[in-house]
Amino acid sequence: MKKILTSLAVGLSLGLSTGAYAEQGVTADTIVVGQSAAFSGPAQKLGESMREGALLYFDQVNRTGGVHGRKIKLTSLDDGYEPDRAVANTKKLIEQEKAFALFGYVGTPTSYAVMPTVTEAKIPFFGAFTGAEGLRTPFNKYIFNVRASYYQETEALVAFLVNHGKKRIAVFYQDDAYGKAGLQGVQLAMERRKLPIIALGTVERNTVDVNGAVSAIAKANPQAVIMISAYKSIAAFVRGMNKAGSKAEYLNVSFVGSDALAAELGPDSHGVYISQVVPYPWDPGSGIAVEFTELAKRTAPTLKPSFNNLEGYICAKLFVEGLRRAGPNLTRESFISALESFRDLDVGTFKVTFMPTNHNGSNYVGLTVIIGKQGSFMPIFKTEVVRR
145 MKKILTSLAV GLSLGLSTGA YAEQGVTADT IVVGQSAAFS GPAQKLGESM REGALLYFDQ
205 VNRTGGVHGR KIKLTSLDDG YEPDRAVANT KKLIEQEKAF ALFGYVGTPT SYAVMPTVTE
265 AKIPFFGAFT GAEGLRTPFN KYIFNVRASY YQETEALVAF LVNHGKKRIA VFYQDDAYGK
325 AGLQGVQLAM ERRKLPIIAL GTVERNTVDV NGAVSAIAKA NPQAVIMISA YKSIAAFVRG
385 MNKAGSKAEY LNVSFVGSDA LAAELGPDSH GVYISQVVPY PWDPGSGIAV EFTELAKRTA
445 PTLKPSFNNL EGYICAKLFV EGLRRAGPNL TRESFISALE SFRDLDVGTF KVTFMPTNHN
505 GSNYVGLTVI IGKQGSFMPI FKTEVVRR
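Plus 144 on top of the position in the sequence shown (first one is 1) and you've got my numbering.
No wet-lab data here; the hints were simulated from the structure.
Keep in mind it's a predicted model, so treat the numbers as computed, not measured.
Honestly, I wouldn't trust all of these hints.
[As the list claims (entries may be wrong)] Here are the computed lysine to aspartate or glutamate pairs in the EDC-like style, where the Cα-Cα straight-line distance is at most 20 Å:
#1 K495 - D427
#2 K448 - E438
#3 K266 - E484
#4 K217 - E196
Using the sequences and the accompanying hints, generate a full structural model.
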């Protein structure tokens with residue numbers, strides 16, 4: 145017994161002399177941040193883009209001394225866009241990797257699946273790549289959403305169509321939590337205008353079996369189809385509709401991955417619309433876009449700017465601002481309080497507000513259209529869509 149007590153006393157003495165840190169994932173020189181995302185499978189490019197944008201900013205911060213002397217270590221695990229794998233990864237990140245916070249998860253079904261683990265562990269869950277309402281309502285102290293919601297995106301899409309005389313609208317959606325979240329947004333937007341959705345079609349997650357959806361929607365002869373799925377299934381659906389002779393316009397929410405969809409569709413991408421929740425990356429009037437593209441040119445010349453990696457960059461910048469405001473004695477609680485101090489924080493023509501009762505940061509929604517055979521993008525509008 146005496147030997148055990150002596151060892152403990154020595155350990156305590158060493159801890160005090162070298163600096164003891166009460167919070168998991170925080171040492172004298174490191175902050176461990178965990179991420180589970182799709183780095184394989186049909187949503188692979190979304191996870192890769194989110195990570196590369198975040199790393200562009202984190203690496204720059206680390207090169208310049210870190211945050212209060214600590215460098216950020218982003219540990220990323222592949223979940224293939226599957227909920228069970230995301231849950232297993234999250235437990236590993238918390239229990240084995242000792243993550244201080246979770247960052248940049250990709251997808252609604254995966255984010256929904258880990259919410260109980262996040263809440264139980266009382267670990268910040270920041271900047272998930274999803275606009276699902278279930279991460280926003282009811283309020284959860286540990287979840288911070290940077291991007292606008294799918295309700296806001298679909299409201300903007302329906303408003304755009306109706307304002308241009310297109311009221312015969314169908315919906316193609318992934319038959320899971322993500323697709324249903326987007327579908328509900330379209331339904332609410334249509335109900336506000338007393339309009340019916342004229343046809344529905346579904347696809348299973350991580351598949352491209354769209355024949356049934358094409359048949360159901362094409363025969364309804366819609367003027368437009370709002371699509372809530374991943375880029376491979378949407379590409380298959382658009383090609384199927386074109387083959388069926390449809391003249392509908394096609395509109396996507398941001399999760400599709402603009403570059404990935406354009407590449408997957410090739411020449412069939414011309415005229416396809418995509419709502420966006422971050423600024424146009426090539427806009428010379430956007431401070432954050434200019435900062436992002438110039439840093440990429442200097443430090444990561446092979447990185448191709450996109451809406452997705454710009455979102456990762458913005459989320460990383462906001463995350464670091466929270467770390468800075470939390471001060472040198474970093475804890476999860478001090479980090480949460482620091483984030484909740486953001487009031488119209490402008491990171492460069494992109495404003496974010498977090499409050500103790502509201503962790504939904506941005507109302508920004510834009511619309512782009514793919515033009516030309518090379519899949520370039522033309523901005524149509526940008527706006528603030530107030531949450532209803």
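Structure-based check of all given hints:
| no. | hint | in the structure |
| --- | --- | --- |
| 1 | K495 - D427 | 16 Å, holds |
| 2 | K448 - E438 | 12 Å, holds |
| 3 | K266 - E484 | 16 Å, holds |
| 4 | K217 - E196 | 13 Å, holds |
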